[in-house]
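With this note's numbering, letter number 200 in the sequence shown gets 240, and the count goes up by one each step, no holes.
Because the hints were derived from the structure by calculation, they are not lab data.
Do not take every clue at face value.
[Claimed, not checked] The calculated lysine-lysine pairs, modelled on PhoX-like cross-linking and capped at a C-alpha distance of 25 Å, are:
1) K337 - K325
2) K221 - K256
3) K224 - K275
4) K252 - K356
5) K158 - K107
6) K65 - K81
7) K186 - K252
8) K299 - K107
9) K155 - K210
10) K81 - K137
11) K182 - K210
12) K243 - K319
13) K63 - K243
14) K243 - K381
15) K186 - K227
16) K48 - K97
17) K159 - K182
18) K210 - K337
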Amino acid sequence: MQNLFIPKGFIFQWHITERCNLKCKHCYQDSILSKELSFEKLVEILNQIEKATDFWKSKRPIEFRNKFRPNITLTGGEPFIREDIFDLLDEIKKRNKFRIAILSNGIMITKEIAKKLKKYNLDFFQISLDGLEETHDLIRGKGNFKNAINGIKLLTKEKIPVMISFTANKKNYKEITELTKLTKKLKVFKFWSDRFIPEGKGKEITDLTLNKLDTKEYCETLRLAKKETTNFFSKSNVFMQRSLQFLCGGEYYSCGAGKTVTAILPNGDLMPCRRLNLKTENLFKKPFLEIFYKNKKFKEIREEISSKLFDYVDCKNCIYFSKCKGGSKCLSYAIAKKFKKDPGCWI
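Please model the entire structure based on the sequences and the hints provided.
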């Protein structure tokens, strides 16, 4: 127990459904893969999340215990397809131990839903925009750019902090500057971006994966967009703390999969990260803490020691390796089925 890994912070990314009202071309889901859990089963998972939280709190000095409030991020599929989402939000809120966030495509948001969400004091509500109108609709379906923008406006009207997620691919990353200007006008508090991962449906469009030169230009475009949109009067922020973005002025970042974040799938399967296609075990067969600490894949990811999954020979002499840790694990694994040097790294 002396060397037990205790995370400083934690995110439970909880996929409460695989059903979705869109069919995005780059989705990391293949299809609806598993039967959806009943509300009672969701509460059982929440009980396990609470138990892990209480355990990690107990390992901290008393004066810091109440400061440990993990984030439960509800997503899907599209989480608002579940009619009991507000029952689950109520259940999370009443325990008073968690920060809450939601990841959504935004198009099911109505005035009534936005007003109901206000009482949960959300950390953020994330909506995906994958370019300006023509590009976004090409990926997510005609009319869905305007629908997403409408959702953003309804949420910001209720003073719910909205964050925009942008998945960069070969055909859309040059639209970042114009898109960040738009999100600033919409009073979005944060714009963040990561690269397209060829998993799920995305395996069919691998030609959209950024190469090294694309990745460098993409990161530089983010830097310029941040410079152009940041000023004293703006509350919007172009966030640059993802893999490799530190090379263009962003903050150092190394992957937190299996360390400070896990993904819970709609059937109770646990993964280190949803974009990293490494399924481990099911929460209805083993409890969360047992999987987190004893499952071989979780241990290998955390320890990053002599494992067949890791091959960082190209990074060992890099001055940034101790902070970068090889870059994007999910991207290298999607392409090579091993953790190797980030295929987008231009150093």
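Verify the proposed pairing of K186 with K252, using a straight-line Cα cut of 25 Å. Violated, at roughly 33 Å.
Next pair to validate is K182 with K210; report whether the Cα-Cα distance is within 25 Å. Given that 25 Å is the threshold and the Cα spacing comes to 20 Å, the pair holds.
Is the hinted pair K48 and K97 satisfied, with a Cα-Cα distance of at most 25 Å? 10 Å, holds
Tell me if the straight-line CA distance from K65 to K81 falls inside 25 Å. This hinted pair is violated, its Cα atoms lying about 31 Å apart.
Would you mind confirming whether the straight-line C-alpha gap from K299 to K107 stays at or under 25 Å? The given pair, whose Cα atoms are some 19 Å apart, holds under the 25 Å limit.
Does K337 sit within 25 Å of K210, going by the straight-line distance between their CA atoms? 32 Å, violated
Verify the proposed pairing of K186 with K227, using a straight-line Cα cut of 25 Å. 16 Å, holds
Has the given pair, K243 with K319, been kept, meaning a C-alpha gap of at most 25 Å? Holds - the C-alpha atoms of K319 and K243 are around 18 Å apart, at most 25 Å.
Verify the proposed pairing of K221 with K256, using a straight-line Cα cut of 25 Å. 21 Å, holds
Sort out whether K356 lies within 25 Å of K252, counting only the CA atoms. 19 Å, holds
Taking 25 Å as the top limit, are the C-alpha atoms of K159 and K182 close enough? 32 Å, violated
Are K158 and K107 close enough, with their CA atoms no more than 25 Å apart? 23 Å, holds
Hint compliance for this structure: hints 6, 7, 9, 17, 18 are broken, all remaining hints hold.
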